[in-house]
Every structure is written in structure tokens, then in C-alpha cells.
Amino acid sequence: MELVYFAWVRERIGLPKERFETSAATVNELVDELRAREERYALAFSDLTALRVALDQELSDFDASLSGVREVAFFPPMTGG
Amino acid sequence: MELVYFAWVRERIGLPKERFETSAATVNELVDELRAREERYALAFSDLTALRVALDQELSDFDASLSGVREVAFFPPMTGG
Amino acid sequence: MRIVVQEAPFDLGAESDAFAAQHEGMGAVVTFTGIVRNNAEGTLQSMQIEHYSGMTEKALTKIAEEAIKRWDLGDVLVIHRYGNLKPGERIMMVATASKHRADAFQAADFLMDFLKSRAPFWKKEITSNSAEWVAAKDDDEDALKRW
Amino acid sequence: MRIVVQEAPFDLGAESDAFAAQHEGMGAVVTFTGIVRNNAEGTLQSMQIEHYSGMTEKALTKIAEEAIKRWDLGDVLVIHRYGNLKPGERIMMVATASKHRADAFQAADFLMDFLKSRAPFWKKEITSNSAEWVAAKDDDEDALKRW
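Read top to bottom, the protein sequences are chains A, B, C and D. Residue numbers for the first sequence follow our numbering, beginning at 68 and rising by one. Residue numbers for the second sequence follow our numbering, beginning at 68 and rising by one. Residue numbers for the third sequence follow our numbering, beginning at 123 and rising by one. Residue numbers for the fourth sequence follow our numbering, beginning at 123 and rising by one.
A couple of the hints might just be wrong.
To be verified - Partial pick of chain C residues on the chain B-facing surface, computed with a CB cut under 7 Å:
#1 A162
#2 M234
#3 P242
#4 A253
#5 W255
#6 V256
#7 A258
Hints listed in this document are in silico derivations from the structure and should not be mistaken for laboratory results. For every residue, glycine included, the Cβ atom is placed at its ideal position computed from N, Cα and C.
Here chain A stands alone, though its shape is the one from the complex (with noise of 0.2 Å):
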């Protein structure tokens, strides 16, 4: 699965998106993965109140299931306009 990253979690992870192989069946349980890879991940993922997901570009929650699922995005509350 592809992750995508922006803003601050794109810097404080340090790129904007790579491939990752994952068997977890939610976002939840994926964050955790990520969490335990490396410091700035866990720093990255530190407050889920903080960060919005999208799944195959749709916004999503984090208890939401990844099957069929391509693309993940993390990402702040979006400042458009």
C-alpha cells in the first residue's frame, strides 16, 4: 500500500510518501505499526486528534477498514480557502 504524507507529519516523518506492506486490517492498527518502526513515526502519530486520514483519497476515520484499500494519507486539519 502506498502512504502519503503532508505538511507537518510529511516533515516530521521526513518524506511524502512511500510503499509499506501491511496485513493490519485498520487505520488504527496501522498507525500502531508505524508507531513501533521508528522515533519519528511515533513522534508523527504522537496525538491522533490532531491528524485526518484519507483512504483512496476520501476522508476517513481511524477505526475505518483498509481492505481494498490502496492509498493511505495523513495529514492535518486542511486550512483551504
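We have chain A; now place chains B, C and D onto it with these hints.
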């Protein structure tokens, strides 16, 4: 005093403006005088709820005083914009 | 604040551009443009707009000043035409600039509501076989109670 | 409906003009323009706007479609830039056309509220000695509840 008419009030009376000497104390008294003048005035002023009045270019009321007023305008409800 | 009452057409693009360009401190610009709509049958030949020269400028200025009092605005522009307009022609525009979008939106909405019922303009619709004064709508009078 | 996401500046005047000109049946056109505001100290050098290419277009289209469902609109235009913008530069604009002014105003207001919090853009303010991501405002999230 100067009387000014707009839209269908102007068309019914047949004039855009005229000088009129009056001792009427209020707009209502002036309207009564005008109604008594000729059929076309009686027609134009037959329904005051369909009319608005401005005194010296400020929207006003039919029971307002005419003291010191130089220009009285009669017209239907406005349709700007 | 700029209030313009004129018979000539105005250049919406240039006006919007100039208004937005001069307000660097303001993050939000809202414009409203009113356009002569054809009637349901598509037979409108022209819209004649009559106004009360002198009172019009005063009334528009008063409405704009009231908007500036109520909202945090950087500027207000009102342009309103009179005379003989064809379907599709622009009748008028307002523009508001503010730091915040809510102020810009509300002030423009307010300006339009008061312009509709408190600025001394009257419209007559001309078709091949009729000439009719546009009646004020109860809705428009009711809209003033919002403010 | 026209949705444009681009790095290049857009011509507000030409866009407003073209949008208004093509809607003869519509009596009311509302535009909103967002402009890079300087900070309180006047030290802003630039605003960097990042976006989620692909999702941005989808999100904007969905918001515009929702507006068309809710109000009687003739058309909707959304232009949003990304990249490096200077104070005073235009970030984005929306335009709505309707037969009735209330629909045009409400739809533009709605579009802006959803664009603020539901379109995947992020802004970073750059000054000579700082670079800071603009935080989303609780007010902006609360504004969505109006609709």
C-alpha cells in the same frame, strides 16, 4: 414646495415634477389637497399603502410634518438591485 | 467607500480586479453582480431603470455607511446603473473587503437587501406588447428584518 | 461547473467577467476571492500552499456538486492555487450564478466553509525568521454545522 413623482405615480399624474404652494402641515394633508385637485391625482393617491414618500430626499411617513420641507417625492415601493 | 450611479455600462472584470488589488490587508473580497434576466417567456426587450437623482446617492451612501458600522470592513464599492438595459446586461454590483470571510459575505448580503428596497430605483419591463412596472416583493421587504 | 487547481495566478477580472457573461438567464452572480493577508507585524514573506493532487480535485468537485444539489444554481466556478504566494496575491475564488440572490449568496458561503475545512490544502507562513504551518481554526470546523 417642489413635488416629485416617480414610476407609475409619475405616469398617472403625467408630470415628473411641479411647484405647488400649500399650507398643509403634514404629508397626509398635502395628499388630501392633491386628491381634491383633479381625477389623475385622486387616482394616483387612491391607495397610500402602495405609495412611499420622501421628504427632502429622505424616506419618511405620511403623518410626518412638512415644516421646513422643500421637496416632497411620491413613488411606489423601490425595486433596486 | 465608492458609490457610483451611472447610465453607462461598467467593466465588472476591471472593477473586481481594482477593488481586490487595493486591499492587501484584507483576506476576503465578496462581489455581487445583478444582471437583467429575461422573463419566463423570453420576450423581454429591455428593462428601463428610473431613479431619483440626488436621493439615490444619499441612500446608497447611507446603506454603505451602515454596513461599515456593523462589520469589520476594509472597503465597500457600489455601482448602480439606470436607463435602458437589455437582457444579459449588468445592472449593478457591490463589493466588500474584509479580513474575515463572514464579514465580507454578511455585509454584501446586507447591502443587497437594503439596495433592493431602500434605494430609489424603479424597473419597468418592456416586451413587444407590454410595458409593466416591476412590483416590489413582500419577500424583499421581509428580508430587511433579518438585520 | 468548472473546477481549476493550478499553481499559476488567475485573472480575477477576466474570470468574473466570463462567468457573469455566460449566465444571461441568471440574475445574480456572487464571487468570493481569497487573498494572502500579511501577518499583524507585516513580516510575511510568502505563503506556501501544499495540496493533495488528485484528492483536491475530487473534494472540490464533491463540494460544488453538493451546492448544486442544495440551491437553485445556474453554475459554479472554483479556482484554487497552490505553491509559493506573496502577500496580496490571490489564493482562490469561487463564483455562483442563480436566478435569486439568496441562493447565490448562500451557495458561495457554503462553498467557502467546506473549502476551508474539507479541501486538502495546507498553508505555511514564511517570515525572515520563522516558518509555521497555519493551524485550522475551531471556528472553521464549527461553521460547517450551519449547513
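Checked hints:
Using the Cβ-Cβ criterion of 7 Å, the hint placing A162(C) at the interface with chain B is not satisfied: the shortest such distance is roughly 18 Å. Against a cut-off of 7 Å between C-beta atoms, the interface hint on M234(C) holds, since the closest Cβ of chain B lies about 6 Å away. For P242(C), the shortest C-beta to C-beta distance to chain B is roughly 5 Å, which falls under 7 Å, so the interface hint holds. Look at A253(C): its Cβ only gets to about 10 Å from chain B, farther than 7 Å, so that hint breaks.
With a cut of 7 Å, the hint placing W255(C) at the interface with chain B holds, because the nearest CB-to-CB distance is about 5 Å. Annotation: interface hint on V256(C) holds; nearest CB of chain B at approximately 5 Å, less than 7 Å. For A258(C), the shortest C-beta to C-beta distance to chain B is roughly 3 Å, which falls under 7 Å, so the interface hint holds.
Of the numbered hints listed earlier, those contradicted by the structure are 1, 4.
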